[in-house]
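Participant: Those protein sequences? They're chains A and B, same order as listed.
Counting from 1, position 44 in the first sequence corresponds to residue 44 in full-length UniProt numbering; the numbering is continuous, with no gaps.
Counting from 1, position 313 in the second sequence corresponds to residue 313 in full-length UniProt numbering; the numbering is continuous, with no gaps.
These are computed hints drawn from the structure, not numbers from a lab.
Fair warning: there could be bad hints in the mix.
What the hints assert, rightly or not - A partial selection of chain A residues facing chain B, derived with a Cβ cut-off under 7 Å:
hint, residue
1, Gly88
2, Met93
3, Ile107
4, Tyr281
5, Gln403
Said to hold, decoys possible - Computed spacing ranges between beta-carbons, pair by pair:
hint, chain 1, residue 1, chain 2, residue 2, range
6, A, Asp237, B, Asn146, 19 to 29 Å
7, B, Asn146, A, Met334, 52 to 62 Å
8, A, Thr414, B, Val327, 25 to 35 Å
9, A, Thr414, B, Asn146, 36 to 46 Å
10, A, Asn162, B, Leu247, 31 to 41 Å
11, A, Met334, B, Val327, 48 to 58 Å
12, A, Thr414, B, Val258, 23 to 33 Å
13, B, Glu227, A, Phe13, 23 to 33 Å
14, B, Pro38, A, Gly43, 36 to 46 Å
15, B, Thr152, A, Thr408, 16 to 26 Å
16, B, Ile155, A, Pro233, 44 to 54 Å
Cβ atoms here follow ideal geometry from the backbone N, Cα and C, with glycine treated the same way.
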Amino acid sequence: MGDLLAARLQMAFSLGFHIIFACVGMAMPFLMAIAHWRYIKTGDAVYKDLSKAWSKGVAIFFATGAVSGTVLSFELGLLWPEFMEHAGPIFGMPFSLEGTAFFIEAIALGLFLYGWGKIPKWIHWSSGLVVGISGVASGILVVAANAWMNSPTGFDYDPLTNTYSNIDPIAAMFNPAWFTQALHMILAAFTATGFAVAGVHAFLLIRKPANRFHQQAMRIALLVGGIAAFLQPISGDISAKDVAVRQPAKLAAMEAHFHTEEYAGLLIGGIPNEETGEVHYGIKIPGLLSFLAHGDFKQEVVGLDQIPEDERPPVAVTHFAFQIMVGAGTFLMMVAFLYFFAQRFRPRWLGHKNFLWLVALSTPLGMLAVEAGWTVTEVGRQPWIINGIMRTKEAVTPMPGIQYSFYTVVVVYTLLAVLVSWLMKRQVQTLAQNYDSMDEEIDLSQNKANTKTEVIEEL
Amino acid sequence: MFMYIVVLSFLLLSLLLYALLGGADFGAGVIQLLSTTPKAEKVIGRAIGPIWEANHMWLVIAVVISFMGFPAIFKVVSTALHIPVFILLLGIIFRGTAYAFKHYDAIKDEKSQLMYHRVFVWGSLVSTLFIGITFGAMSLGKIDPNAADFYTGYIAPWFNFFSISVGFLTTALFAFLAAVYLIGENEDPEVKDFFIAKAWKWLLASVAIGIVVFVAAYVDGLPLFNELISSPLSMLAIGFAAGSLPLMFSTIRKGKVVLARLMAGAQTVLILGAWLLLHYPHAIMLSNGGSLDLYDSRAPDATLAVLGWALLLGSLFILPALGYLYVVFKGHGPEESI
Numbered sequence: 001m002g003d004l005l006a007a008r009l010q011m012a013f014s015l016g017f018h019i020i021f022a023c024v025g026m027a028m029p030f031l032m033a034i035a036h037w038r039y040i041k042t043g044d045a046v047y048k049d050l051s052k053a054w055s056k057g058v059a060i061f062f063a064t065g066a067v068s069g070t071v072l073s074f075e076l077g078l079l080w081p082e083f084m085e086h087a088g089p090i091f092g093m094p095f096s097l098e099g100t101a102f103f104i105e106a107i108a109l110g111l112f113l114y115g116w117g118k119i120p121k122w123i124h125w126s127s128g129l130v131v132g133i134s135g136v137a138s139g140i141l142v143v144a145a146n147a148w149m150n151s152p153t154g155f156d157y158d159p160l161t162n163t164y165s166n167i168d169p170i171a172a173m174f175n176p177a178w179f180t181q182a183l184h185m186i187l188a189a190f191t192a193t194g195f196a197v198a199g200v201h202a203f204l205l206i207r208k209p210a211n212r213f214h215q216q217a218m219r220i221a222l223l224v225g226g227i228a229a230f231l232q233p234i235s236g237d238i239s240a241k242d243v244a245v246r247q248p249a250k251l252a253a254m255e256a257h258f259h260t261e262e263y264a265g266l267l268i269g270g271i272p273n274e275e276t277g278e279v280h281y282g283i284k285i286p287g288l289l290s291f292l293a294h295g296d297f298k299q300e301v302v303g304l305d306q307i308p309e310d311e312r313p314p315v316a317v318t319h320f321a322f323q324i325m326v327g328a329g330t331f332l333m334m335v336a337f338l339y340f341f342a343q344r345f346r347p348r349w350l351g352h353k354n355f356l357w358l359v360a361l362s363t364p365l366g367m368l369a370v371e372a373g374w375t376v377t378e379v380g381r382q383p384w385i386i387n388g389i390m391r392t393k394e395a396v397t398p399m400p401g402i403q404y405s406f407y408t409v410v411v412v413y414t415l416l417a418v419l420v421s422w423l424m425k426r427q428v429q430t431l432a433q434n435y436d437s438m439d440e441e442i443d444l445s446q447n448k449a450n451t452k453t454e455v456i457e458e459l
Numbered sequence: 001m002f003m004y005i006v007v008l009s010f011l012l013l014s015l016l017l018y019a020l021l022g023g024a025d026f027g028a029g030v031i032q033l034l035s036t037t038p039k040a041e042k043v044i045g046r047a048i049g050p051i052w053e054a055n056h057m058w059l060v061i062a063v064v065i066s067f068m069g070f071p072a073i074f075k076v077v078s079t080a081l082h083i084p085v086f087i088l089l090l091g092i093i094f095r096g097t098a099y100a101f102k103h104y105d106a107i108k109d110e111k112s113q114l115m116y117h118r119v120f121v122w123g124s125l126v127s128t129l130f131i132g133i134t135f136g137a138m139s140l141g142k143i144d145p146n147a148a149d150f151y152t153g154y155i156a157p158w159f160n161f162f163s164i165s166v167g168f169l170t171t172a173l174f175a176f177l178a179a180v181y182l183i184g185e186n187e188d189p190e191v192k193d194f195f196i197a198k199a200w201k202w203l204l205a206s207v208a209i210g211i212v213v214f215v216a217a218y219v220d221g222l223p224l225f226n227e228l229i230s231s232p233l234s235m236l237a238i239g240f241a242a243g244s245l246p247l248m249f250s251t252i253r254k255g256k257v258v259l260a261r262l263m264a265g266a267q268t269v270l271i272l273g274a275w276l277l278l279h280y281p282h283a284i285m286l287s288n289g290g291s292l293d294l295y296d297s298r299a300p301d302a303t304l305a306v307l308g309w310a311l312l313l314g315s316l317f318i319l320p321a322l323g324y325l326y327v328v329f330k331g332h333g334p335e336e337s338i
């Protein structure tokens with residue numbers, strides 16, 4: 001394995017690992033705060049227990065996210081020293097603010113976890129909320145830095161002397177892609193976490209359908225994940241139009257769009273052949289790509305044939321990842337639709353085994369979409385590390401033997417992933433003995449009346 | 001120039017706070033390396049539980065200030081010292097997760113608790129050792145950015161007597177700090193005596209390894225002693241650190257909690273301060289006798305200006321919140337970890 005490939009894989013693996021913990025760290029505190037809010041308002045012990053049980057999950061995910069994030073901040077230099085030397089002073093601004101956000105998140109989490117009965121209840125509740133808010137702020141800032149790599153601004157570059165001048169870190173932070181990318185990422189985090197949490201509780205409900213703890217848990221999680229899933233296509237559309245203008249090569253790779261044409265069709269499925277520039281087994285909807293990219297069915301969409309050969313991103317990986325992202329996202333949006341519909345008009349469906357299975361099977365789909373989406377934006381930017389300015393191969397560390405650190409990272413993170421899953425299993429196993437309200441069951445024949453009132457409360 | 005000083009001050013402040021706070025967390029793992037008791041383990045868990053995440057943010061802040069404010073230095077450290085930094089990261093991953101898993105594992109069975117404990121303790125040792133090795137290597141002067149072969153480029157800079165002895169000095173100092181902090185975390189005389197004994201041993205170890213560092217410097221061709229003599233401020237700092245040792249010994253023996261903490265903190269500040277003063281304005285010594293200097297490696301003015309403001313504004317948020325956290329939890333730790 002070459003050092004460049006090893007470095008790219010190590011970065012991808014580290015980010016792919018961290019992103020899951022980052023998503024949970026952003027969205028789960030809000031679930032926890034909603035449950036806590038309801039406890040304060042109603043005095044219902046189920047919500048208190050739910051908030052506590054979730055906060056332990058947050059603690060485990062936060063700790064793992066914190067160390068994997070620390071690792072990433074070093075890896076930027078360990079793997080891409082040339083990039084960091086030039087880019088650090090330009091795009092470092094959001095990272096320096098993120099330090100503050102992360103700090104506040106850590107402090108607020110300490111207060112929330114250990115503050116039960118020690119600090120006034122509203123300060124306690126606020127600390128939980130602050131964990132979420134600062135988590136989201138961190139997410140926005142980190143994505144803004146990544147967006148700069150896609151749409152570098154805030155400096156002048158002289159290719160002849162390879163110098164960066166007139167640096168403006170604020171302009172770099174507010175680069176043209178920061179908003180679309182951050183919006184898409186935050187919604188993805190809420191969708192993925194909401195469905196992952198709801199899925200776990202749905203799975204447990206299959207065995208104990210009348211358990212109130214899991215019922216309330218699934219509803220809060222589906223409410224949050226569902227709303228985000230509904231908003232995501234709007235954000236996706238904004239992103240697509242943005243990418244079409246700024247990074248036509250990325251859009252062409254996402255769509256395996258080899259030939260520049262008017263009335264360009266939207267490709268669904270298909271196996272692209274990068275050698276011949278053909279796509280097999282796909283379905284093409286005429287004109288739709290032109291419309292989605294430029295808001296006009298006949299508008300020309302730039303194909304890979306207009307991109308110099310040495311500036312084309314890998315097509316197959318980008319295209320497959322894009323398909324997986326859109327497919328998983330669409331599926332979750334339909335589940336969310338079914339949930340909201342059932343909650344309003346058919347409350348009984350919510351306790352039905354088929355619905356619970358549907359939610360349970362959705363558990364990994366949001367995270368899968370997040371990973372796939374991240375792959376689209378990173379692989380789709382290749383061969384550039386700073387779009388149009390610096391190539392990834394120019395940025396890589398001169399140290400040989402990077403494959404060994406890559407293998408190490410794979411082994412360590414795989415071990416951690418197994419351990420975290422095992423710990424989550426143990427959390428679930430012991431719910432009944434740690435929380436009295438876990439034993440509360442509701443009379444299923446009353447289900448309809450109960451849920452009706454809750455619908456009103458929730459909406 | 002003003003913002004350069006602000007940014008540099010924050011870099012030094014975050015390194016210092018990382019040593020004083022994060023260092024003590026690492027040290028709490030290290031002191032359990034040779035022996036521990038269930039009671040002591042409990043006290044340690046309670047003492048660092050609510051604040052340990054916050055303590056480790058100082059490292060992230062220091063890294064961000066380095067790559068944004070002093071990019072050339074960040075580049076050289078992450079290239080030439082790639083291997084020790086990578087091992088340090090492995091230590092941080094293992095100890096951080098093991099610590100969290102130990103406390104939030106829903107089932108506290110002996111077997112898995114012991115596993116977490118071992119990983120935490122050994123991870124702490126690896127982390128402190130390689131923090132020290134990295135810093136030692138930065139000042140030794142064996143870093144060669146144009147090295148032709150792997151050994152000279154990536155091994156020789158840090159795999160030497162001096163850097164490794166600085167690694168052990170860091171370990172001993174952090175362990176000493178932790179033991180002193182922990183004396184006052186509990187009223188139980190048995191636990192108090194346990195930490196007093198640990199503080200003694202690690203203080204002695206720090207002094208002994210401190211002497212070894214000077215020998216190692218001589219062996220590896222670093223004129224540390226001569227440099228020290230020619231820098232009056234560093235001499236003063238080291239003199240204070242050494243001169244306060246008898247007082248330190250007696251305060252620990254008498255179990256004077258607050259004074260011992262202050263003195264142990266001051267010791268660390270003095271040693272770190274002496275080292276920084278000795279090297280200022282050099283950040284990294286190179287094998288050709290040259291150096292990378294802080295001022296010359298600084299980012300453009302526009303970057304330093306916004307970074308300085310970000311840090312100043314950030315501390316307006318961080319410091320009060322951190323203060324509140326300590327007020328709530330220090331002195332009367334939570335009865336039980338949830």
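Participant: Now tell me if each hint is right for this structure.
Facilitator: Taking the hints in turn, this is what the structure says about them:
1. Gly88: holds (4 Å)
2. Met93: OK, holds: A:Met93 within 7 Å of chain B, min 6 Å.
3. Ile107: holds (5 Å)
4. Tyr281: violated (43 Å)
5. Gln403: A:Gln403 check fails; min Cβ-Cβ to chain B is 13 Å, beyond 7 Å.
6. A:Asp237 - B:Asn146: 19 to 29 Å: violated (51 Å)
7. B:Asn146 - A:Met334: 52 to 62 Å: Because 59 Å falls inside the window, the suggested range holds.
8. A:Thr414 - B:Val327: 25 to 35 Å: violated (41 Å)
9. A:Thr414 - B:Asn146: 36 to 46 Å: Check passed, 37 Å falls within 36 to 46 Å.
10. A:Asn162 - B:Leu247: 31 to 41 Å: violated (57 Å)
11. A:Met334 - B:Val327: 48 to 58 Å: holds (50 Å)
12. A:Thr414 - B:Val258: 23 to 33 Å: violated (46 Å)
13. B:Glu227 - A:Phe13: 23 to 33 Å: violated (43 Å)
14. B:Pro38 - A:Gly43: 36 to 46 Å: Hint holds: Cβ distance 38 Å, inside 36 to 46 Å.
15. B:Thr152 - A:Thr408: 16 to 26 Å: Given range 16 to 26 Å: holds, Cβ gap about 23 Å.
16. B:Ile155 - A:Pro233: 44 to 54 Å: This hint holds: roughly 53 Å between Cβ atoms.
The structure fails hints 4, 5, 6, 8, 10, 12 and 13 (numbered hints given earlier, in ascending order).
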